[in-house]
Structures are given as structure tokens and as C-alpha cells.
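J.: Letter by letter, the chains look like this.
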Amino acid sequence: MTPLSHYLIFSALLFSIGLGGAIMRRNVLVVLMGLELMLTAANVSLVAFSRAQGLEGVPVYDAQVLALFVMAIAAAEVAVGLALIVAMFRARRGVESTSLTSLKD
Amino acid sequence: MMQNLPWLFLVLPLVAAAADWLVLARRPRVAACVSIISALATMALCVAYLCGLQTGAPDSYVWFPVQGFDLSLGLLMDALSMKMMLVVTGIGALVHIFSLGYMKGDPSNQSRYFAGLSIFMFSMSCIVLANSLILTFIGWEMVGFSSYLLIGHWYHKDSAANAAKKAFITNRVGDFGFLIGILLTLGLFDSLHYADMAGHMKVEAGSPVLTAALLCLFCGAVGKSAQFPLHVWLPDAMEGPTPVSALIHAATMVAAGVYMLVRLQVSMGLDAFTETACCVIAGIGAITALLSALMATQQDDIKRVLAYSTLSQLGYMMMAVGLLAGEAAMFHLYTHAWFKALLFLAAGAIIVRCHHEQDIWKMGGLRRKMPLTVLCFLAGTCALIAVPGFSGFFSKESILEAAWERSMPLFVLGVVVAALTTFYMVRLCLIAFCGDARTHEAEQAQEASPTMLVPLFILAVLAIISGYGFVADQLVPYAGFHTSNAEWGVTFFAGLGALIVGGGSAWLIYGKSKTLSSKSDPVGANCVSQVLRRRLYIDAFYDHVLVDGVQRWFTFLISCLDDGVIRRLIGQGLALLTAWVGRLLGRLQGGSLRNYTVVTSLGVLILMLLLIIFF
Amino acid sequence: MLIWLILIPVIASVLIGFLHTPGRATALVSSLLTFGLGIGSIVALSMGAGSDWLTHIGDLPTTLTLSLPLSKPMLLLTVLVTLAAVLGMRAPDAAADRSWSISTLLISAGATGAFISDNLVAFFAFHELALIPTFVMIGLYGRGERRTIAWRMTLYLGLASMVLLAGLVLLYMQLGTTKFMEMMVMAAMGRLPASACLTAGLLLLGFGTLVSLFPFHSWAAPAYASAPTPIAMMHAGVLKKFGLYGLILVAYIFGSGSAQFFGDWINLLLILLLGNVLWVGCVTIAQSRLDSMLGNSSVMHMGYIFLGIAVFVLSGSSNALAYQGAGMLMLAHGLSIALLFLLSGQIERRTGTLEFSALGGLGRRQPLLGFFFGLAGMASIGLPLLANFVGEFSIFVSCFMDWKPGTVGSFCYDWLNNLSNMLGGLGPVQLTLVFALWGLVISAIYMLRAIRRIFAGDLTPVCERATLPLSGADICSAALLSAALVLFGIVPGILA
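Protein chains in written order, with our numbering: chain C, 1 to 105; chain F, 1 to 615; chain V, 1 to 496.
Think of the hints as simulated: they come from the structure by calculation, not from any bench. The model shown is predicted, which means the values in this text are computed figures rather than measured ones. Some hints here could point you the wrong way.
Which bits of chain V does chain F cover? Going by a derived footprint, with three or more residues having C-beta under 8 Å, they are [unchecked claim]:
1) 386-397
2) 430-437
Ranges of calculated distance between the beta carbons of each label pair, as one might list FRET restraints [said to hold, decoys possible]:
3) V:Asn421 x F:Val471: 49 to 59 Å
4) V:Leu487 x F:Ala48: 26 to 36 Å
5) C:Ser99 x V:Ala125: 33 to 43 Å
6) C:Ser99 x F:Ala579: 25 to 35 Å
Yeah, the Cβ is synthetic: ideal placement off N, Cα and C, and Gly gets one too.
Construct all of the structure, not just a fragment, from the sequences and the given hints.
T.: As C-alpha cells, then:
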């Protein structure tokens with residue numbers, strides 16, 4: 001059986017890639033994808049824990065339910081996020097995150 | 001219920017004042033009647049008590065109920081206070097009646113005038129009847145206020161408004177000391193009630209703190225009784241209506257300082273009065289008596305002459321207090337109250353009949369125009385200059401006797417002042433009453449109206465007889481008092497000598513027929529006279545140094561510092577600090593999404609690290 | 001029941017703000033209701049009614065109470081001044097009328113809430129609520145450089161609130177509860193923590209600045225001079241008392257330990273309050289406008305209340321006279337300064353100016369105005385028979401109650417000890433009082449000069465034209481405050 005640490009390391013890598021994307025890319029669409037990656041990373045570790053904490057091959061279902069929740073919310077979030085991006089593209093003809101400074105100005 | 005009858009002394013005038021002011025503002029005649037009725041009623045009550053009415057000790061009024069401290073107000077009904085009340089209510093009632101005639105036809109609001117008189121009666125009664133320094137202080141402040149109101153009665157006149165302000169502020173300076181004195185007394189005797197003071201002193205007799213307390217209390221008397229160096233307000237106070245000058249600034253209020261000190265001597269015991277304190281009190285009294293008698297010799301305003309003479313007589317009383325001769329001080333207070341009220345009221349009648357002319361050099365020949373008034377004035381004058389047989393003679397004699405026994409320099413000073421007193425009063429009478437009328441107004445003067453004459457007659461009789469033993473023994477506000485009937489001793493001859501010297505020199509200077517028709521003082525031009533006319537430059541010093549120097553420039557400097565230094569330093573400092581912090585934090589809010597994300601992730605990272613380290 | 005004291009003004013301001021009901025009329029109804037309710041609750045409580053129906057709505061307990069020290073007089077002050085402010089309010093136009101009414105009501109609600117809350121959080125929050133309308137009103141409707149003045153006030157009071165909040169949080173952490181009553185129990189049981197010194201300093205600085213303690217007073221006088229009349233009345237008269245109320249409350253919570261809790265800060269307070277009385281007193285004399293003179297005089301009089309608080313704290317909260325006197329003076333000062341601001345507003349309406357040099361002889365045109373002004377002025381300089389005297393005199397006497405004559409001074413400077421010995425062993429409090437009493441003379445000087453310049457003497461051109469008589473509402477408003485001043489001056493016992 002694959003040890004828990006493997007899953008966690010994978011999850012951490014996934015999270016870092018997501019975070020990196022979210023921070024470094026200027027395109028808001030890609031930032032959103034980074035966010036999705038981070039959520040997925042969290043899901044991976046949740047499911048891994050669920051299995052690791054389980055007794056006699058029966059996983060802890062709480063964590064899996066939580067993972068389902070996260071996916072549902074991530075879907076909603078993507079919907080809202082994409083809508084915002086579309087609105088933003090319409091308003092500004094661009095989706096660069098560096099141009100979002102109207103609060104400051 | 002009956003034992004609370006004495007509270008009427010306070011309640012009646014207070015109610016009358018409130019009614020006059022609030023309800024009867026548009027009905028001056030009714031207001032006058034209300035005030036007069038209240039004054040007469042209190043006088044009747046006072047007479048009833050002196051005739052032996054007994055109602056028991058009045059309840060005290062718990063003014064401000066506080067745990068652990070007795071802040072109650074009560075009345076003290078002993079011989080000293082009740083006889084003093086007779087002087088106050090007696091002269092008060094006469095002045096109220098006289099005012100009816102005096103204020104007739106005056107365009108100002110007379111309801112306000114009578115309300116002021118009633119407030120004064122209330123506050124003076126507070127001082128006289130107080131059983132503790134608390135009520136004394138309340139009355140003390142309130143007489144100052146009523147005097148302010150009445151001096152400034154004709155407030156549209158600049159001089160009157162300024163005089164009222166000056167009187168109140170000068171008195172406040174005295175009250176500053178008085179209040180410290182009251183508080184020190186509280187510390188030293190553990191009580192402010194006169195009855196609890198004797199024998200409860202917490203320090204040994206003669207200790208410096210006791211002297212300090214007494215001198216602070218005396219400071220109050222200096223303000224109220226217009227002693228040097230706070231005497232400057234009294235001559236200016238003559239801007240008020242003349243009946244007010246008679247009641248407040250001659251007979252009663254200004255004597256409150258003397259009364260208060262005598263009350264303290266009675267309740268603390270003479271042992272408590274340390275030698276230093278007594279020296280200062282007597283010394284200040286003597287200086288006041290001398291300086292103001294000197295200044296009185298060169299005044300041209302009839303009321304100012306009388307005002308300076310009041311100062312000088314108050315100095316006498318204060319000297320007696322300092323000599324621990326409270327009975328002589330109270331005796332003089334009592335005779336002085338009658339004859340000085342008489343002099344002022346008679347002067348008031350003359351002023352009204354001369355169309356508000358107060359300069360004696362514009363009068364003249366009045367003895368033919370208004371003989372009865374002038375006769376009354378002369379009776380008062382004789383009492384003031386201590387002609388044997390008149391009341392002032394007996395009381396001045398008793399003060400001089402006390403001085404003869406205890407302090408030679410003060411005795412000499414007293415005799416000199418007596419001579420000066422005779423000089424300026426004879427001068428006044430010669431110029432105003434003899435010779436021919438100098439102006440049209442004096443020409444037209446006629447006898448005063450009955451409402452004015454009746455009080456004058458009553459006061460004239462009292463000015464003559466009140467010094468004799470059979471009256472004085474009954475009425476002088478001092479427990480166990482006995483007049484020493486005139487003996488042919490040193491003091492008698494000294495007094496007589498002063499009378500002759502003073503009167504003679506006045507006659508020599510002003511009695512010539514040429515002077516009697518001239519329109520200004522023949523000796524007014526020489527430099528001594530100029531200095532005296534300018535009031536020894538004391539007022540000028542106060543005006544320039546205290547009012548201009550401190551009140552204007554010093555406060556201006558402080559306010560500049562306040563604005564320039566404190567506001568700049570603290571206000572701008574705070575502003576700069578806030579702006580700096582704002583700029584610093586503003587950098588974080590760069591508006592770049594990426595920066596926000598970095599900062600947020602860093603924050604989460606730090607939190608996780610902390611979690612790992614500490615748990 | 002008490003909750004309505006706060007809800008009624010809030011509801012009224014919502015009505016004015018959103019339904020556009022006439023501003024002054026609605027505010028008048030609201031303040032009459034709170035006036036009746038406030039007086040009713042106080043009377044009912046002192047007649048011995050149970051406090052449950054007051055502090056409960058239905059069966060639910062609220063966080064309001066009238067059983068704290070000084071809650072009752074402060075509530076009385078709030079309802080009185082609110083009613084007078086609304087009665088005497090004259091806004092320039094309809095929009096101003098609405099916003100003035102709303103602000104007055106909100107300040108009133110906030111002040112009431114602060115004075116009758118039984119816990120720390122509500123106490124602080126209500127005060128902050130009441131401060132906001134003050135800034136806005138000065139910024140929008142003030143006289144002179146209103147923006148600068150509003151900003152400066154915001155800065156001082158905002159930072160003071162921040163410092164105060166830190167102090168209150170520390171207090172909470174030390175005592176472990178936010179309820180005042182429970183705090184009292186905890187303070188009586190526990191020893192003082194090591195950080196008490198810091199807490200006390202923060203509280204003193206925070207509360208002190210809110211009350212314009214020297215040298216943090218520069219915001220006060222310009223703000224009062226600039227604010228519209230009802231706002232000046234509400235802030236100077238009512239809201240400013242919050243800081244004093246808070247200090248007394250803290251002293252009360254620590255009871256006999258209060259002297260230890262405040263420690264050396266009290267000696268600093270004694271020195272600073274002299275700054276209030278003497279320094280600001282001199283500044284007051286130098287003013288050439290009535291409004292800034294009144295603003296400064298209000299700062300000056302805070303010195304005496306601080307003195308009462310200092311004595312109360314030093315006596316370990318046992319000197320009832322100091323505490324009663326400070327409470328009485330808070331009430332009386334609130335009434336008299338509100339009346340003075342009301343009347344100065346009336347003077348400005350009639351003459352168009354408040355410069356002393358332009359005014360003169362107004363007493364002949366406006367005798368009634370002169371009467372009220374004289375009464376208020378005399379009250380504020382402590383004339384007997386008026387309420388301020390009771391407070392001042394009690395504070396003065398309380399300073400000497402614990403004095404032991406002839407004891408050696410306990411100052412840390414030799415020259416002060418020598419001075420103290422020379423004066424018969426006066427302690428710090430007594431020495432402070434001796435200096436502070438000079439304020440009696442100072443206040444007489446500026447107040448009498450103001451009366452002299454405005455009402456006496458020759459008529460100036462601006463006063464010549466000031467013939468508009470006082471309206472019925474103006475008279476009612478001034479008479480209400482004057483009557484309260486006289487009542488509490490003659491029978492102060494009804495408050496105790």
C-alpha cells in the first residue's frame with residue numbers, strides 16, 4: 001500500500017503549482033485555473049486522510065463528503081469567476097490582473 | 001413648626017426677589033410693595049425676637065446629604081446675630097421706603113432694582129444668622145452678587161457697568177483667600193460650625209498654620225470690607241443708586257467683614273487669634289483708615305467723600321478687631337450703620353433735588369433750599385466726626401480707648417484720622433450748604449418728599465441717641481456689652497483736640513467768603529492735592545499693571561503659547577504621526593492582485609509555522 | 001423599559017432620515033418622550049420600585065441599568081439637554097433641519113446608552129456612535145475653518161478612543177469580565193496585576209483626552225465654537241461627561257484599591273488639572289469672541305471635576321463628598337454650558353456676530369436674553385443657589401477632609417516639602433486646590449467681562465438692530481435649563 005506521505009507530498013506539489021500559477025501569471029483565467037489546482041490538492045489530501053484514518057479497509061466517509069462539498073463549491077466558484085472574467089473582458093478588453101488597480105487609483 | 005420661624009428671615013426676601021423678578025417684571029409698583037412688605041415683616045420679626053419671643057432652636061436644613069460629612073445649613077440665634085439683624089433689617093426697611101421716593105420717575109426697570117434689594121436682604125441675613133462658615137460663605141458670595149446687580153443697575157452707563165464688574169472681581173480676589181481660610185479652618189477645627197469650634201483646635205495655639213488660616217479668613221474681610229489693598233472697588237461702587245450705597249456700601253454689607261471676624265473671635269476664642277494675625281489685621285485697618293481719610297479730603301463728589309469716609313471708618317473697626325476689642329468694633333459698626341446710612345440717604349435726597357448733580361462745587365446754599373434734609377445731614381456729620389453727645393462719639397471713644405491700652409502708635413494714628421475726618425466733613429458741609437447757589441440746579445433745589453424725609457428723621461434720631469447707654473446696652477450687637485460713659489480721660493481730650501484741629505483748619509481754608517462762592521477747590525492745584533485726587537495712584541497702578549499688564553498682555557501671551565506651542569506640538573504631532581502610519585500601511589495596499597496573494601500566502605505560511613512551533 | 005430611551009431617538013432619526021418627517025417636530029416628540037421616560041424611571045427607582053421592569057424587555061434582561069454610580073444624574077442631564085437643544089434648534093434650511101435633528105437624536109441616544117450600559121463593550125460602543133454625528137455636523141455646518149477643525153477633533157478623539165480601547169481591553173483581561181458589577185467583585189477579590197500601571201495610564205490618557213485634559217485640549221474650544229448650536233450643546237454639555245463618568249466608574253470598580261490602581265498617575269493628573277484651570281483660564285480671558293470664550297471656559301471647568309475625581313481616587317473611593325461633588329458639578333456644568341451655548345446661538349441669530357468688539361448694550365434690546373445669560377454665567381462661575389456652586393464647594397471641602405494639619409509633606413522634591421511644611425503640612429491635593437482656587441477669580445474675570453461687553457454699555461449698531469424677541473420655544477428651552485440649575489442649586493438633596 002502506498003504510504004500516506006506520498007499522497008501528501010503529491011498534494012503539496014500540486015498546491016505549490018497552483019499557488020505559483022495564481023501568483024505569477026497575469027492572465028486572470030490562468031489565475032483561476034491555479035486556484036482550481038489548489039482546491040484539487042486539498043481534495044487529494046482529504047481523500048488520502050480519509051483512507052489513512054480508516055479502520056479495516058473502511059475509509060472515514062466524513063472526509064470524502066467534505067471533498068464532495070469542496071468540488072461543488074469549486075464548481076460554483078468557477079461559474080462565478082468565469083462570469084466575472086467575461087464581465088471584466090467586456091468592460092476593459094483585457095483580463096490582465098495587473099490592470100486591476102482602480103481601487104487604488 | 002414654630003421653631004422654624006427664623007427661616008422666614010431668609011425665605012421672605014428670597015421669595016420676594018423671585019416674585020419681583022419673574023412675575024412682577026412689568027409691574028414695578030407692586031414689585032416695590034412686595035419688597036417693602038418683606039423688609040418690614042423681617043424687621044417686625046426681628047423686633048419680636050429682641051422683645052423676648054422664644055421659639056426654640058430652628059431645625060437645620062440638610063442641604064446636600066453626603067455620607068460622612070455634615071453639609072447642613074442652620075441658623076444661629078444669639079444676641080450678636082439678632083442685634084446685628086436689627087441693624088440690617090432696620091436700615092434695610094428704611095432704605096426700601098426711601099427708594100420709593102428716590103427711584104420715582106426713573107426710567108430703568110424698578111422691579112429689577114427691588115429684586116436686587118431683596119436678594120441683598122436675603123444674603124445679608126445669611127451672613128448674619130449663619131451657624132457655620134458654609135452659610136456665611138453662601139451669603140458672602142450672594143451679597144457680592146447683589147451688590148454687583150445694584151451697582152450696575154444703570155448698566156447702560158459705562159462707568160456703572162465697569163464699577164459693578166470691578167466690585168465683583170475685587171471681591172472674588174478676597175473670596176479666594178476666604179475660601180482657603182474656610183478650608184484650613186475645617187482642617188484645624190474639624191468642623192465649620194461656629195458652635196463646635198471652641199476648644200477643638202487640633203494644633204497648639206500660636207502655630208503658624210493657625211496664623212495662615214486666620215489671615216486667609218481676614219483676606220475675605222479685606223475684600224468685602226474694602227480694606228487696603230482691595231479698597232479700590234468701594235469708591236467706584238458709588239455709581240449705583242444712592243439708597244443702595246447707603247444700605248450696602250455704607251451700613252451693612254461692607255461691615256460684614258468686621259462682623260465675620262468678631263463672630264470668629266467669639267466662637268474660636270480670643271486665644272486662637274495669634275499675635276501675628278492680630279498685628280496684620282490691626283495694621284491693615286489703620287493703614288486703610290489713614291489713606292482713605294487722606295483721599296477723602298480732596299474729593300469733589302459728595303458720594304465719594306462719604307465712600308472714602310466709610311473706608312476710613314471700616315479701617316477703624318478693623319483696627320479694633322485686630323486689637324482684640326470686638327465690643328468696640330461692633331459698637332462702632334452699629335453707630336456707624338445708622339449715621340452713615342443717614343448721611344448717604346440725605347446725600348441721595350440732595351442729589352435727586354439737584355437733578356442728579358453730585359459735585360459739591362456745583363451746589364452751595366442748600367441750607368436755605370432744603371433745610372430739613374440739611375439738618376439731618378448735619379446730625380449725621382456730627383455723629384461721624386464724633387461731636388460729644390452724638391452716637392459716633394461714644395463708639396469712636398471706645399476704639400481709641402482700646403488703642404490707648406494696647407498700642408500707642410495705633411492710638412496716635414486713630415487721633416490723626418479723627419482730625420482728618422472732621423476736616424473733610426466740615427469742608428463738605430461748608431461748600432455744599434453755605435454760601436450761595438453756584439449753579440442753576442442748586443438754585444432750583446427744593447425740600448425732599450415725605451417718603452424720603454421720614455426715613456431721614458428716624459435715622460437722624462438714631463444717629464443722635466444710639467450711642468447712649470440706655471439704647472446701646474439693648475441694641476449693640478455684642479453679648480454682654482456695656483458702654484463706658486464718657487469719662488474725662490486722655491481719649492476724650494485727644495478726640496476733642498482732633499475735632500478742633502480738623503474743624504478749625506477746614507474753616508480756615510474753606511470758610512472764607514471768597515471760597516464759598518468759587519467754583520473749584522482753592523487748594524486743588526497743589527501737588528499734594530493732585531496726588532490725593534488721583535487716589536494716590538493706586539487705581540492707576542491696578543489699571544495699568546494688573547488689568548493691562550496681566551489681564552491683557554499676559555493672557556494674550558499664554559493664549560499665543562497655547563495656540564503656537566501646545567496645539568502645534570500635540571495637534572500637528574498627532575497629525576504627522578497618523579499620516580506617517582497611513583503612508584506606511586498604504587504601501588501594502590498597492591492595488592496589485594499579485595501582491596495581495598503573496599502577502600496572504602506568506603501570512604498563512606507564518607501562521608502555520610507558528611502553529612507548528614507552539615503546539 | 002430603559003431600552004426605549006435609546007430606541008426612541010433612533011427610531012425618530014430613522015423616521016426623519018428615510019420617511020422625511022419634519023425634522024424638528026419629530027425630534028421634539030422623541031425628546032419629550034425620552035424626557036418623560038427618563039424622569040419617570042429615575043423617580044420610580046428612587047421611590048423604591050423594583051429595577052426589574054426597568055432593565056427587562058419582557059422576560060429578557062437587557063444590558064442596561066440605572067444602578068451604577070452617577071447613571072441617574074447623567075441620564076437626567078442627557079434628557080434635559082436634549083430637550084433644550086431640540087427646543088432651541090433653528091436650522092438654516094430644511095435639509096439642515098433634518099440632519100441637525102438626526103445628529104442631536106443620535107448623540108442623545110449614544111450618550112444615554114453609554115451612561116446606562118452595564119458592560120464595557122456597550123459603554124464604549126455607544127460613545128463612539130455618538131461621536132460620529134459630531135464630526136459630520138462640524139464638517140458640514142460648522143463656522144470658520146470647519147474642515148480643519150473637524151479633522152483635528154477626529155484625530156484627537158479617534159486616537160483617544162484607540163488608547164482608551166486598549167486600556168479597556170487590558171482591564172477586561174485583568175478582571176476577566178465585561179460586566180461592571182462583576183468587575184467590582186473581581187477587583188475586590190483579586191490582587192492588582194503587574195500591568196495595572198499601564199492600564200491606568202492608558203485609561204487616564206484616553207478618558208482624559210475625551211474630556212480635554214491639559215495638554216490634550218486643543219481640539220475642544222475650536223470645535224465647540226464652530227459646531228452648530230445644538231451639537232455644541234450636546235457635546236459640551238452631555239457627551240464630554242463620558243470621560244469623567246468613565247474615570248469615576250473605574251475608581252468605583254476598584255473601590256478601596258483605586259488609589260493603588262492609579263498609583264502615581266494621580267499626581268500627574270493633579271498637575272495637569274492645574275493646567276486646565278490656570279493655563280486654559282488665562283487663554284479664556286484672552287479670547288475676543290464669545291463662542292471661543294465659552295469653549296475654553298468649558299475646558300477650564302473640567303479641571304475642578306478632575307480634582308474631585310483625584311480626591312475620590314486618592315481616598316480609596318471612600319470620600320463620598322468628592323464623588324458626589326464631582327457628579328453634581330458634571331451635571332451642573334452640562335446644564336450651564338448648554339444654556340450658554342444656546343444663548344450665544346440666540347445672540348448670533350440676532351446680531352450676526354459674536355465678536356465682543358462689535359457687541360454692546362444688548363441688554364436694552366434683549367432684557368430677557370440678558371437675564372438668562374446672566375443667570376447661566378453666574379451659575380458657571382459658581383454663584384451660590386445655583387447648581388455649580390454645590391459641586392465646586394463640595395469638591396473644595398472634600399480636598400481638606402482627609403487633611404491632617406501639621407504632618408510632614410510626602411513629596412519627592414525637597415523644595416515642595418519645605419513649602420508644604422511652611423504652609424502647615426499641606427499635602428499634594430491641598431496645594432493643588434490652593435492654586436486651583438485662583439480659577440474662581442479667573443472665571444469671574446472672563447464671564448463678567450463678557451456680560452459687560454455684550455449686554456452693558458452703549459448700544460452698538462449691530463445690537464441696535466437686534467430687536468427680534470425670543471420666541472416661546474426659545475424661552476421654554478432656556479427656562480428649562482435655568483430652572484434645573486436653580487432647583488439643583490437650592491435643593492441638591494433630591495439627587496443624592
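J.: Checked against the structure, which of the hints given earlier come out wrong?
T.: Violated: none.
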